[in-house]
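Enquirer: Letter by letter, the chains look like this.
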Amino acid sequence: MISPQTLALIREWLPQLLVAAGQTLQMTVWAYALGAVMGLLIALGGMSRQRWLSGLCRVYIEFIRGTPTLIQLFLIYFGLTSVNIVIPGFQAAVIALGAHYAAYMAEVYRSGIVAVDSGQREAAQAIGMRRGQAMAYVIFPQAVRIILPPMTNFAISLLKDTSVASLIAAPELMMRANDITSEYYMPMQVYLLSGAMYFAMSYPLSLGVRYLERRFGRGRQLNLNLA
Amino acid sequence: MSFSATAIPAATDADEPLVRIQSVHKHYGALHVLKGIDLDIRPGEKVSIIGPSGSGKTTLLRCVNYLERPTRGQIFINGELLGQKQGRRGFVELDDRSLARQRTGIGMVFQRFNLFPHLTVSQNVEIGPVKVLKVSRAEARERAIGLLGKVGLAEKRDAYPEMLSGGQQQRVAIARALAMQPTLMLFDEATSALDPELVGEVLNVMAQLAADGMTMMIVTHEMQFAEDVSDRVIFMDGGQIVEQGPPSRLFGAPEHPRTRGFLRAVLQKRTMP
Amino acid sequence: MSGGGWVRAYHLLPDFLGMLWAGAVMTVIVTAGGFVFAIVVGLLLAALRTGRSRLLHSLIYVYVEVFRAVPVLTQLFIIYFGLGAIGIRLNPIPSAVIGFGLNGGAYLTEVFRSGIESVNRGQTEAALSIGMTRTKALLYIVLPQAVRVVLPSIANFAIGLLKDTSLASAVAAPELSFNAHMLVDRTFLSTQIYLLVAVFYLAMSLPLSAVLHRLERGAARSRRA
Chain A
62 MISPQTLALI
72 REWLPQLLVA
82 AGQTLQMTVW
92 AYALGAVMGL
102 LIALGGMSRQ
112 RWLSGLCRVY
122 IEFIRGTPTL
132 IQLFLIYFGL
142 TSVNIVIPGF
152 QAAVIALGAH
162 YAAYMAEVYR
172 SGIVAVDSGQ
182 REAAQAIGMR
192 RGQAMAYVIF
202 PQAVRIILPP
212 MTNFAISLLK
222 DTSVASLIAA
232 PELMMRANDI
242 TSEYYMPMQV
252 YLLSGAMYFA
262 MSYPLSLGVR
272 YLERRFGRGR
282 QLNLNLA
Chain B
64 MSFSATAIPA
74 ATDADEPLVR
84 IQSVHKHYGA
94 LHVLKGIDLD
104 IRPGEKVSII
114 GPSGSGKTTL
124 LRCVNYLERP
134 TRGQIFINGE
144 LLGQKQGRRG
154 FVELDDRSLA
164 RQRTGIGMVF
174 QRFNLFPHLT
184 VSQNVEIGPV
194 KVLKVSRAEA
204 RERAIGLLGK
214 VGLAEKRDAY
224 PEMLSGGQQQ
234 RVAIARALAM
244 QPTLMLFDEA
254 TSALDPELVG
264 EVLNVMAQLA
274 ADGMTMMIVT
284 HEMQFAEDVS
294 DRVIFMDGGQ
304 IVEQGPPSRL
314 FGAPEHPRTR
324 GFLRAVLQKR
334 TMP
Chain C
25 MSGGGWVRAY
35 HLLPDFLGML
45 WAGAVMTVIV
55 TAGGFVFAIV
65 VGLLLAALRT
75 GRSRLLHSLI
85 YVYVEVFRAV
95 PVLTQLFIIY
105 FGLGAIGIRL
115 NPIPSAVIGF
125 GLNGGAYLTE
135 VFRSGIESVN
145 RGQTEAALSI
155 GMTRTKALLY
165 IVLPQAVRVV
175 LPSIANFAIG
185 LLKDTSLASA
195 VAAPELSFNA
205 HMLVDRTFLS
215 TQIYLLVAVF
225 YLAMSLPLSA
235 VLHRLERGAA
245 RSRRA
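Protein chains in written order, with the working numbering: chain A, 62 to 288; chain B, 64 to 336; chain C, 25 to 249.
It should be emphasised that the hints constitute simulated quantities derived from the structure, not laboratory data.
These numbers come from a predicted model, not from an experiment.
Misleading hints may appear alongside valid ones.
[As the list claims (entries may be wrong)] Calculated lysine to aspartate or glutamate pairs in the DMTMM-like style (CA-CA distance at most 25 Å, straight line):
1) K197/B x E141/C
2) K194/B x E141/C
3) K194/B x E205/B
4) K148/B x E149/C
5) K194/B x E225/B
6) K219/B x D258/B
7) K194/B x E89/C
8) K219/B x D159/B
9) K219/B x D158/B
Please model the entire structure based on the sequences and the hints provided.
Expert: Here is the structure:
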């Protein structure tokens with residue numbers, strides 16, 4: 062299927078696609094950072110004793126998890142233009158994806174914190190730690206082991222989900238692939254090539270997740286045995 | 064009370080052993096678990112295998128229905144080579160279907176019962192006859208009810224395994240194995256996972272089975288039971304058969320120092336308060 | 025936000041609802057089709073993986089890793105535009121069902137595999153000891169138990185799939201999101217329409233989440249037992 066002509070074309074496309082893959086990575090990193098921070102705030106808000114705050118966080122999580130990323134993206138990109146807020150595609154995608162992943166990450170933070178035995182908190186307080194200290198020195202280090210594998214998984218799915226940003230014409234890999242396709246009309250070759258680039262970015266991450274799961278999976282059991 | 068008419072094996076030649084184990088070795092990587100086991104078991108014979116943990120007795124038993132594949136050596140059941148066939152260049156593995164057919168004649172009872180948790184007690188007993196022997200559901204049901212009656216659990220037939228005590232589960236497991244009308248029954252520490260007060264009910268069922276003439280290989284820690292029921296007791300240690308003989312001789316006058324040491328340790332533990 | 029937009033949207037609501045309802049029906053069809061496809065692929069490959077063929081193991085591994093590492097949107101485009109360009113023309117709906125089925129199949133292969141591995145080895149041994157072949161042991165003893173273990177993951181997958189079908193709008197499958205774009209193109213009432221669409225998706229996914237929660241509680245209970 063790969064003729065010399067196609068090979069020449071691929072050589073022509075490759076630099077453009079590599080630049081676009083860089084944009085995909087940038088979008089992933091920004092959206093991930095936004096999601097991680099927002100997610101932590103939502104997780105803490107959800108555990109707050111203020112009913113209205115925890116309720117609000119709950120509603121946010123349910124809304125995000127119950128609707129497609131695409132619709133959220135459109136609401137931010139197209140919806141906000143109707144109130145004269147125009148956000149460029151890239152930024153809109155970062156905000157939409159970040160806000161989306163924040164809801165999922167909040168759940169992971171929460172489960173990580175809940176999973177650490179309440180006896181641990183009591184033990185920390187029994188040796189005179191304050192709430193914040195117990196959180197920082199006892200709960201958090203243990204929770205990290207639990208949340209690290211799913212958090213790395215989010216990086217993989219976020220990386221793939223940035224492709225959705227092409228539907229609001231944000232500059233990234235999928236969008237560039239669409240452009241090249243409409244120019245040369247060789248969709249099979251272009252999309253296979255861009256698919257291979259996604260693979261090259263996400264497969265190492267998934268090997269990383271497996272490593273973390275093996276490592277911390279064992280570590281966690283060990284901890285439980287000692288506890 | 065008799066468990067099944069086929070408990071007396073069909074072998075006509077009394078000299079022909081039902082089980083013939085020939086210089087069987089088993090390695091797990093560098094670990095040499097069985098170091099050349101030779102053993103014949105006659106039809107109707109009850110053989111208990113005792114020995115310290117790690118002596119290889121469970122591995123040997125698992126080799127006899129090919130849940131473990133011997134690294135070297137052969138096992139014959141009723142003269143038929145188990146799990147392998149003679150290829151052009153030495154022995155080759157038997158295909159899955161033929162191996163399954165060989166296993167239908169060998170019942171096994173596991174330490175941890177291994178009842179199927181998604182099936183009722185009766186379905187646990189029926190599934191073998193229905194799916195393997197292609198017996199009709201009605202007939203399998205009848206057979207199951209009969210066998211459950213004999214292990215004293217007829218009224219539990221519609222319960223799920225998790226609702227039964229360990230002793231009851233193990234009796235169901237015995238009924239499940241018997242439903243295949245095996246000629247040989249293997250017991251792998253069938254009472255080791257049970258609370259002490261539940262051991263007796265399982266041993267009673269096994270003793271009844273022995274009285275009916277079933278050929279049995281029993282890996283056990285119950286010395287009294289081994290003495291009462293067995294025709295022959297085998298003491299294994301370090302992957303070898305150290306000593307064997309009738310229970311009266313092996314328990315009464317063990318010849319090998321390792322046998323004496325083992326029996327002393329076991330009996331001492333038992334008499335300790 | 026101009027109040028006029030909301031008033032206009034209110035007057036057009038019957039139109040909107042009709043078109044979005046039709047889209048929602050198609051969303052359910054694509055979801056159901058992709059779901060069944062994915063379950064069949066996942067079960068089949070997870071079962072084949074328990075066999076001893078090295079080649080089969082490697083092929084399944086490659087399939088699972090590739091389909092999980094590449095965006096489903098790329099997969100849809102390869103099936104719809106890519107195959108179309110080399111003469112295999114599929115309509116948008118079948119393309120979407122195949123795309124989501126293959127993508128989900130890769131995911132569910134892993135799910136079923138972990139379910140199978142969670143079933144105690146003793147179960148297989150007991151099944152073999154009553155004369156079952158490996159296939160029968162898998163079919164009658166291991167899989168029924170494995171499926172119970174992974175039911176929450178399957179419900180989770182169904183919810184994700186329902187939302188992912190919105191991507192089928194990019195290959196012009198006339199489902200909920202596609203119909204929404206059409207309405208936006210016609211009326212420019214993007215906020216109102218996309219919010220309405222969000223409500224449609226919530227109405228479909230929240231019942232599924234309720235089922236999921238119930239399954240998770242059930243699974244937690246049976247683990248304790």
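Enquirer: It remains to establish, for every hint, whether it holds in the given structure.
Expert: Against the structure, the hints:
no. : hint            : in the structure
1   : K197/B x E141/C : violated (28 Å)
2   : K194/B x E141/C : holds (23 Å)
3   : K194/B x E205/B : holds (15 Å)
4   : K148/B x E149/C : holds (22 Å)
5   : K194/B x E225/B : holds (23 Å)
6   : K219/B x D258/B : holds (20 Å)
7   : K194/B x E89/C  : violated (36 Å)
8   : K219/B x D159/B : violated (34 Å)
9   : K219/B x D158/B : violated (37 Å)
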